[in-house]
Amino acid sequence: RLDGNGIPPDFFSDINVRRAFLHAMDRETYREDVFNNLVIMPSSPNIEGVPYHKEVPIYEFDLEKSKAYMQKAWAGKIWEKGFKMVIAHNTGNEMREAAALMLAENIMALNPKFKIEVRNVEWKDYLVQYRNYMYPVFLTGWVADYADPHNFLYTFMHSQGVFSRYMAYKNSEVDRLCEAGIETVDPGKREQIYAKLQELWYEEAIGIPLYQQINVRAYRDYVHGYVPNAMLPDSWENLKLLSKE
Numbered sequence: 003r004l005d006g007n008g009i010p011p012d013f014f015s016d017i018n019v020r021r022a023f024l025h026a027m028d029r030e031t032y033r034e035d036v037f038n039n040l041v042i043m044p045s046s047p048n049i050e051g052v053p054y055h056k057e058v059p060i061y062e063f064d065l066e067k068s069k070a071y072m073q074k075a076w077a078g079k080i081w082e083k084g085f086k087m088v089i090a091h092n093t094g095n096e097m098r099e100a101a102a103l104m105l106a107e108n109i110m111a112l113n114p115k116f117k118i119e120v121r122n123v124e125w126k127d128y129l130v131q132y133r134n135y136m137y138p139v140f141l142t143g144w145v146a147d148y149a150d151p152h153n154f155l156y157t158f159m160h161s162q163g164v165f166s167r168y169m170a171y172k173n174s175e176v177d178r179l180c181e182a183g184i185e186t187v188d189p190g191k192r193e194q195i196y197a198k199l200q201e202l203w204y205e206e207a208i209g210i211p212l213y214q215q216i217n218v219r220a221y222r223d224y225v226h227g228y229v230p231n232a233m234l235p236d237s238w239e240n241l242k243l244l245s246k247e
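Under the numbering used here, the first residue of the sequence shown is numbered 3, with each subsequent residue one higher.
There could be a bad hint or two in this list.
Straight-line Cα separation of at most 30 Å, DSSO-like style, residue types lysine-lysine; simulated pairs [unchecked claim]:
#1 K117 / K79
#2 K56 / K67
#3 K56 / K83
#4 K198 / K67
Hints are computed from structural coordinates only; laboratory data are not their basis.
Can you build the whole structure from these sequences, using the hints too?
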């Protein structure tokens, strides 16, 4: 309930709450302190390098705007009553822990009645619990199955996407566009569809795209002409070497 002692299951259905949280994420400090600037900060799930990538607006770090949205949320009840909630991350993931702590600290700074606990959970339990809608906020990541925007935007935006279903996010226009994108073969039409989806990511304030990691790979100086597959992490390259042995 909105009584200061917890939050209701539909807490984030009010877009003012979502916008308040998004304005509370200090992306620049996160990039500098956690990654030493060696990272790309995406504006939507359709990251750089994927077809039809488009830079869309982001919710800049602004605690005054965050405060104003919180004061409007749920007709002022949140601001008056306060709330308690948990932001969970998987144990050992320092990048996600830093993001959770930053978000919690900045939201709690808005109003002393806002209480957020950051909790680390073992990965095997984390998977089960977020898939059972036990977390109001969860942090996770995605590695491409194939280099197409459908693999990213459907995952994070469609009501049956791998992650968006557990966010309980549903928008009929978004679902229609996600389905039209994969069914359309004309590149020009696909570009228009995916541009609109990326714009809706911002307009709907669906979530915070935290980072697109940059992998640094070192090779001996006699290695020439090898081009790593940008879609695959280092572990895949190591597995290929092991398979040859």
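Hints, one by one, checked against the model:
no. : hint       : verdict
1   : K117 / K79 : holds, 15 Å
2   : K56 / K67  : holds, 25 Å
3   : K56 / K83  : violated, 40 Å
4   : K198 / K67 : holds, 25 Å
Violation of the numbered hints given earlier is confined to hint 3; every other hint is satisfied by the structure.
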